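So you can see what is in the structure, the chains are spelled out below.
2 protein chains.
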Amino acid sequence: MTAQDRYQFLLDTFKRLNRIDHAITMLSWDQMVMMPSGGVTSRSETLAELTVMRHELLSADSVGDAIAVCEDGLEGFPAGERRSVQEMRNAYQDVNCVPSDLVKAQVMAGSQCEHSWRTQREANDWPGFLVNFKPVVELAREEAQVRQSASQTPTPYDALLDLHCRGDSSELIDQVFGELKAALPSLIDAVIEQQGKSFDSMLAENSNDAKYPVSEQTQLSKALMASLGFDFNAGRLDVSAHPFSTGVAGDQRITTRYDESTFLDALLATAHETGHASYEAGLPEDWLGLPVGDSRNMCIHESQSLLFEKMVTLSPAFLKHLHRLIQQHLSAGKAVSYQALEQNARRVVKSYIRVEADELTYPIHVALRYDIERDLINNQMEAEHIPEAWDAAMQVGLGLSTKDNYRHGCLQDIHWTDGTFGYFPSYTMGAVNSAQLFQSLTKAHPDWASRFETGDITFVRNWLSENIWQHGSHLSSQELMQQATGEGTNAASLLAHLKARYINA
Amino acid sequence: MTAQDRYQFLLDTFKRLNRIDHAITMLSWDQMVMMPSGGVTSRSETLAELTVMRHELLSADSVGDAIAVCEDGLEGFPAGERRSVQEMRNAYQDVNCVPSDLVKAQVMAGSQCEHSWRTQREANDWPGFLVNFKPVVELAREEAQVRQSASQTPTPYDALLDLHCRGDSSELIDQVFGELKAALPSLIDAVIEQQGKSFDSMLAENSNDAKYPVSEQTQLSKALMASLGFDFNAGRLDVSAHPFSTGVAGDQRITTRYDESTFLDALLATAHETGHASYEAGLPEDWLGLPVGDSRNMCIHESQSLLFEKMVTLSPAFLKHLHRLIQQHLSAGKAVSYQALEQNARRVVKSYIRVEADELTYPIHVALRYDIERDLINNQMEAEHIPEAWDAAMQVGLGLSTKDNYRHGCLQDIHWTDGTFGYFPSYTMGAVNSAQLFQSLTKAHPDWASRFETGDITFVRNWLSENIWQHGSHLSSQELMQQATGEGTNAASLLAHLKARYINA
Chain A
381 MTAQDRYQFL LDTFKRLNRI DHAITMLSWD QMVMMPSGGV TSRSETLAEL TVMRHELLSA
441 DSVGDAIAVC EDGLEGFPAG ERRSVQEMRN AYQDVNCVPS DLVKAQVMAG SQCEHSWRTQ
501 REANDWPGFL VNFKPVVELA REEAQVRQSA SQTPTPYDAL LDLHCRGDSS ELIDQVFGEL
561 KAALPSLIDA VIEQQGKSFD SMLAENSNDA KYPVSEQTQL SKALMASLGF DFNAGRLDVS
621 AHPFSTGVAG DQRITTRYDE STFLDALLAT AHETGHASYE AGLPEDWLGL PVGDSRNMCI
681 HESQSLLFEK MVTLSPAFLK HLHRLIQQHL SAGKAVSYQA LEQNARRVVK SYIRVEADEL
741 TYPIHVALRY DIERDLINNQ MEAEHIPEAW DAAMQVGLGL STKDNYRHGC LQDIHWTDGT
801 FGYFPSYTMG AVNSAQLFQS LTKAHPDWAS RFETGDITFV RNWLSENIWQ HGSHLSSQEL
861 MQQATGEGTN AASLLAHLKA RYINA
Chain B
381 MTAQDRYQFL LDTFKRLNRI DHAITMLSWD QMVMMPSGGV TSRSETLAEL TVMRHELLSA
441 DSVGDAIAVC EDGLEGFPAG ERRSVQEMRN AYQDVNCVPS DLVKAQVMAG SQCEHSWRTQ
501 REANDWPGFL VNFKPVVELA REEAQVRQSA SQTPTPYDAL LDLHCRGDSS ELIDQVFGEL
561 KAALPSLIDA VIEQQGKSFD SMLAENSNDA KYPVSEQTQL SKALMASLGF DFNAGRLDVS
621 AHPFSTGVAG DQRITTRYDE STFLDALLAT AHETGHASYE AGLPEDWLGL PVGDSRNMCI
681 HESQSLLFEK MVTLSPAFLK HLHRLIQQHL SAGKAVSYQA LEQNARRVVK SYIRVEADEL
741 TYPIHVALRY DIERDLINNQ MEAEHIPEAW DAAMQVGLGL STKDNYRHGC LQDIHWTDGT
801 FGYFPSYTMG AVNSAQLFQS LTKAHPDWAS RFETGDITFV RNWLSENIWQ HGSHLSSQEL
861 MQQATGEGTN AASLLAHLKA RYINA
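Chains A and B supply the protein sequences, listed in that same order. Taking our numbering, I'd label the letters of the first sequence as residues 381 to 885. Taking our numbering, I'd label the letters of the second sequence as residues 381 to 885.
For reference, chain A alone in the conformation it holds in the complex (with noise of 0.2 Å):
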């Protein structure tokens, strides 16, 4: 067996794995936007049959095996496809490198402290939060450790990282989030004391007579996809209880959520999960279906929704756009004025929910989970303490006191329940990449502000495509970063986009 031979079978053996992948991700979807609740268990069963073919095939000796062969022949090959068998080596460490018998502990361990949060939470009840999550930790710390020798990270924390955040490691996190601690209080104060003097709120105008139908407001999410380029021939709106995206080549499927009593929460997950989905639409079609046809990580996924989010649809010279859209689709969207518009779209406030925080104060959440989760990996803290480490970072960053405040402490967010550590550092890491890329991106089209008044993003969509869509998983997200933006990641150009929209605006 020749490495070309053992290189066809994988083609083979992961396009087989993407159809089952997308009978996963469609199945999953129905499940969110469509199923009726009588489908619950039939479609259980089925999601985890797939799961386990899923499984079967790629933990198969004859995957491992191919790969080995490959590796060896490897300077027989082209650059793409040397990349391409290094993709495939890490999706098959991915799934093979942890017992089975852990992953289903886990399973089993994180599935009952999820299922117990969710009425925790609502009691406020941390200690019997406790007993089910120490087992989590524990459990994680041992899949730390079993990923950090197979892969040979520097630390435990590092290993699971890699299944989200891969190329960026805790050290550059570190660095990054170091530098938005250190400069975002004082920018947070300056900016909610100027806000104070000037504020005019939008809903507050319009809360008792103006109402915007979920007819009127799926036309105004459909008309800013269309301007944000979706492609509707490949891909659908829907509602869902928390928007996200998902889909498969040619068909990307994104949700939100309507409030009638207003309609700017609807935009802008409207807008971020066009940004996810418009990077997924851009991969490059040469390497469908294979891992290095994929997305990169999860950092330069996120810093495409942000993008969309707060770059483009935020700024200034957009809302322009984006005023003249509401004032077709809404029938009380005429009463919006751009000066409401703009000033809700820029309005900061401390808050203690991370999903609802606004663009300045985001960071502040989600590095202290972060700092929370490596220690926890670590084993440089236990799962005790995490209240007073919430509670300490709190009051640095926004001067807000959670003790024994749990609910809106550290028992809102699902992410840890079932044991998913090394994915919050994403949400900022996204945000700091999206500032330096469209930093890069501004400067290569002086003129962009006065496209974005017509809305027009166009060359926002080609510069994206060009130096990240195309690329799938063929560079690491430092090589991306790099060269596209001429640098790794790094909080400059972040904190020079908060201080020009929310200081000097």
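Simulated from the structure, these hints should not be mistaken for lab results. Note that the coordinates shown come from a computational prediction; the quantities given were computed from them, not determined experimentally. Check each hint, because a few of them may be wrong.
Which copy is meant is left open, so a pair is good if it fits within one copy or across any two.
To be verified - Below 30 Å or equal to it, Euclidean Cα-Cα: the simulated BS3-like pairs (lysine-lysine) are:
hint : residue 1 : residue 2
1    : Lys484    : Lys395
2    : Lys395    : Lys577
3    : Lys591    : Lys602
4    : Lys577    : Lys514
5    : Lys395    : Lys730
6    : Lys700    : Lys602
7    : Lys700    : Lys395
8    : Lys561    : Lys783
Keeping the supplied structure of chain A fixed, place chain B upon it in accordance with the hints.
This is chain B only, laid out in the frame that chain A set:
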């Protein structure tokens, strides 16, 4: 290995198969109802992959061996498991008795023929169609012979009939359809003569001013479904180009289509698909996912949809309830009198097109297709002679000539183009069964008409559940009919029903 061990292995295999079928079913629904056009390629690849996985699973030697071991040990099994093994044998044999080269040749010839048919029908191009259709017939004959040797059916056509109408032989169908062909032409003429004198066209009355918006019709369709007992926690109503019913345990998905200038067609499609969905939802839970737990055959399936559509919804008593729903949900429904509704619901017209035919003329369309396909597959007729056979049967049955008019004659249906023979008779066998079942259940509930007037059909559902749905495939179709009505399928009840509804009304 004991027979019990092997039976357990079969249970696991068929349940896994059922989960793959769940994925295929729901992805196919999505393709017809939700998917944007850009998803076609990746969806086709995924469905093909799942179909291959399904085939690999069911065609494994270990499955055939296990079935044989269980058959040898049948006397040690309880009655239900014995039937279960028999239905597993049928499912296994249906898939495995045809050589894969023949299946491939059929797929190629069928898709070529179907693809070309879409334009040839419009172009009235019978000679062009015949070029592609002759190989389709040849391959179907080959398939029928292979299946006949495996299953020992009396004729080759019966072996294809088994795929859709297992248990109902061509001898039985000849007899039933023979009675209909003898009785219907004069009945149709008598009804049309009588109706001509007093027809009050609801549509003509309202065609200029009445508009029925889709949103109102959707609410009306859902209200009708609720009256018919559809559980919206275990299913959905959507829109597609052609109404259909599909689904999985706990999640029945039906579709209809709306025309804003009229509302009756959408309602009747909704009622029809609700009947199919009710049967599926009522199958025995204890045998879920196994062949013996499936619906019996298409002659029984179609009897359920037609019972809901023609026997219940179109009965004068239930129409009183439906009339109230129309007044309630359609703004323009106020102008629709009960008399107009009732006359339109009973309108009989001689037409060329099967799918537009009413219940009185429909059997003529089906019987002529049945006679042709039976003779074709049994080598008693060649494809060249279809147009003259069609014209002759339309002349005798409806007094209409289709000479040289292929688009409104033998080119109108999609069924034969991909080699599906043995399906057509189920439409009219379903109509016959529905009348017979309805006669028995109304005999058991003499107050049925007064209950229908209030929209109460619970007793219908209970009777069908007990006599049909709960049996799954534990009884043959003729055993089901015998137990439920005291006799096997015969034309008497349908003819009595048609006379009562159309002549004596």
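Sort out which numbered hints this structure fails and list those numbers smallest first. Result: hints 2, 4, 5, 7 break, sorted rising.
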